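Chains as they are written, first to last, in the numbering used here: chain A, 1 to 257; chain B, 258 to 513; chain C, 514 to 789.
Don't read these hints as lab results, they were simulated from the structure.
Keep in mind that the hints are not guaranteed to be accurate.
Claimed, not checked - Covered stretches of chain B, going by a simulated chain A footprint (3 or more residues, C-beta under 8 Å): (1) 337 to 351; (2) 354 to 365; (3) 369 to 378; (4) 455 to 466; (5) 494 to 505.
Since this is a predicted model, take the numbers as computed values, not measurements.
For each residue, glycine too, the CB sits at the ideal point set by N, CA and C.
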Amino acid sequence: MIAAAASHALRRPWVARVGVVVLLLCFWEIAARWWVDPMFLSPPSRVIASLPAVFETRGVPAALRVTFWELAVAFALSVAIGLAIGLAVGLQPFVRKSFMPIILLLYGTPQVTILPLFILYFGIGPASKIAFGVSHGFFPIVMTVVAGVQNIKPILLTSARAMGANRWQILRHVVFPHMIPSFFAGMRLAMTGVLLGVLLAELYVSTAGIGHFTTLFTQNFDPTRLLGLIAVLAAMAILLNETVRRAELHFSRWHSE
Amino acid sequence: MTPTGDRREARFASRAVQVTFLIALLVLWYLATTRWRVSPLLLPNPVVVLRDFWSILTTGEFIGDLRVTLTELVSAFGIAASSGLLVGYLISRSQYRIQVFEPLFAGIYSVPIILFLPLYVLLFGLGPASKIALGVTISFFPIALNTIAGFGYVERTLVTAARSMGASDLQLFRYVLLPAALPIILTGMRMGFTVALLSIIGSETIASLAGLGHRIVYLAEGMEMAPMFAYIVFVVAIAAILNTLVSALEARGRRR
Amino acid sequence: MMPDKVAIRISCVSHQFGEEGEARHVRALRDTSLDVARGELICLIGPSGCGKSTLLNILGGLIAPTAGSVEVFGKRVTGPMPRDIAFVFQENALFPWNTVFENVNLGMLFQGVPRAEREGRAKRAIEAVGLKDFAQHYPAQLSGGMRQRAALARALSLETGILLMDEPFGALDEQTRMILGEDLSVLLSRAEKTIVFVTHSLGEATFLADRVAVFSARPGTIKKIIKVDEPHPRRSDFVTSAQFTSIRNELYALLHDEIRKTMAESSVSTAGGHAP
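So here's chain A without its partners, still in its complex pose (with noise of 0.2 Å):
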């Protein structure tokens, strides 16, 4: 009876999907319990049950409130330079020409390798952190501004010249709402980018965001405490490409009919 209960329930994907993931948190449990040494890994209920430990942890909610900043300021400051950018080059042909190129080769680059670069700079504290995370934002929004401007059927351009148009309307009316679907998928990588950029200087080195307490948790081997703190990240993370793919799906509602 519960078997066929079972299989009928089965037959909609999302619930073979939680299952799955049921499963592997039993084995995961199973495993820290039974199998691996306390020290290295941690059951799922002992890091749910210390959640509260971990937030009660003196510097911790002040460290996830940094990150969270860093990440914020990182991501605007993308979009805008980006944005800035991404128009000069993508509405002279010329420029777009002699630079797209060059700014094609440096996004190619392993940016990683000049992380201790960064540091040196601009020091161990939050702004090392934003500017690598804006280092690796900007670029998907400069590729997409370039490119949501230079599609634009020509026929738009003429008929909006035709009715009398100047060329800050055109820019304002015409290429800038053409543009904007671009622009939203640009920002979804972006904050892809931001997210990569500023926890990877985190984790290099950091003394007030949540990168000092991911250090501090490993070498104290408390694996219980890092896990729920990997585990608040991962939350943050989610909620904010959830937020921009939300926002780029609500922009670009006539693009897609």
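Go by the hints and put chains B and C onto chain A.
Just chains B and C, lined up with the frame of chain A:
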């Protein structure tokens, strides 16, 4: 001038601007360190950097670190590729399994995997094992997802046509599924390689005792700016070479 | 024609793209002259590449002719004249991120209509083309025929004296074209607009035009002008009348050789030679 002539002229002009820009940067760098008295602790003299770069290459002092990094890379990518391909293929065999696992994989991949690094360091220490573990974790997903997409979304009509002509399972795989899926899978492998390389260098920078990433950190902590810059150039060059190679392989595979 | 009855005066206009000797050199128009009277609908018809769309763009000030001049209401045309001329293009020139209403509104914003007037004019124009229930829809949600109606509404709301239409129904199916043609005829009988209408369709030209200007093959010039003496609004039974048939046949006879000439030329140039 002919229109093709116009275009050639325009391309030349853009090239000229690019080259001038890069040369200007180099000149500024040189002037900054020699004439304008920027501290060598902040910005090393480009000539010294070049000299150090040359000496690194000729003395072969990079070999040790390069070997560590490449070993980690090959191990991580090897494990990720074989498991990714296998898992991806098995999942792609059933529409139901695709519906269950594809969103799951995509969801996990959307979290910044770098967060796992402290956990791996706790589990495996500062040695190569933690870097390989992170590399495998990051690299697995694009390969698996692309394998699922490649095999899972082969046009039904192709499969039906082959079956109607009497193709066996093995023949179907070899002559229909594999060629159809290959381009997407190769792209996934290229992406997997690129992120594996990035994650290896990144984890070496953050928590390691050896490898190219570590070398740069070591020099930074010792404030040895010129050799550090030289190594940065070296690593960027190696990464560019590897990525170009892999992209070329991908293109070759796709063209067939 | 008396000067004050002339809406558009085209004087010896020629146009070429590119310089002599360039690969892309094309002589689009050759020595074209025409007077378009106020309130008349004149159709430009001719084989592909004969320069009719080029002429339309020159009339609207979007292109400067290499020779000759155009005067609109006595003023020389040197650039777009949004207060006197409105365009309806063949391609979808509606802004896809705006609703129908917003599109119409935006056109007036560009022209410089004060905000207070825009809403009323937009509503009237949209109603006039029969899209009252679709004013809040996006172009992607509309059929091809409705999109062109919206484009027409935008042009009408600008309340210009002249309307330039470049194969506006070209991308639509035959049935939609027929209906839109009839609706256009009704609309025009109400408002005094001068319209220059480019089309490929013989039937469309005969149905809509007061005069039809037949173009020769490239480089195009006006071969003959045919009058269609039937008052607007024209009803659907006009299409079956003897007058319609005879005019249409005359157009066909005039065009047939020009079309053949154009086909022959294009097969020569694809074979690798240059057209003389």
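Okay, the hints, checked on the actual structure:
For a cut-off of 8 Å, the count of residues in the region 337 to 351 of chain B with a CB near a CB of chain A stands at 0, and the three-residue condition is violated. Given a C-beta distance limit of less than 8 Å, the hint that chain A covers the region 354 to 365 of chain B holds, as 5 residues qualify and 3 suffice. Figure legend: the region 369 to 378 of chain B, annotated as covered by chain A; annotation consistent (8 residues with Cβ-Cβ distances under 8 Å, at least 3 required). Under a criterion of three residues with beta carbons nearer than 8 Å to beta carbons of chain A, the stated coverage of the region 455 to 466 of chain B is upheld, 6 such residues being counted.
Figure legend: the region 494 to 505 of chain B, annotated as covered by chain A; annotation consistent (3 residues with Cβ-Cβ distances under 8 Å, at least 3 required).
When each numbered hint is compared with the structure, a violation occurs for hint 1 only.
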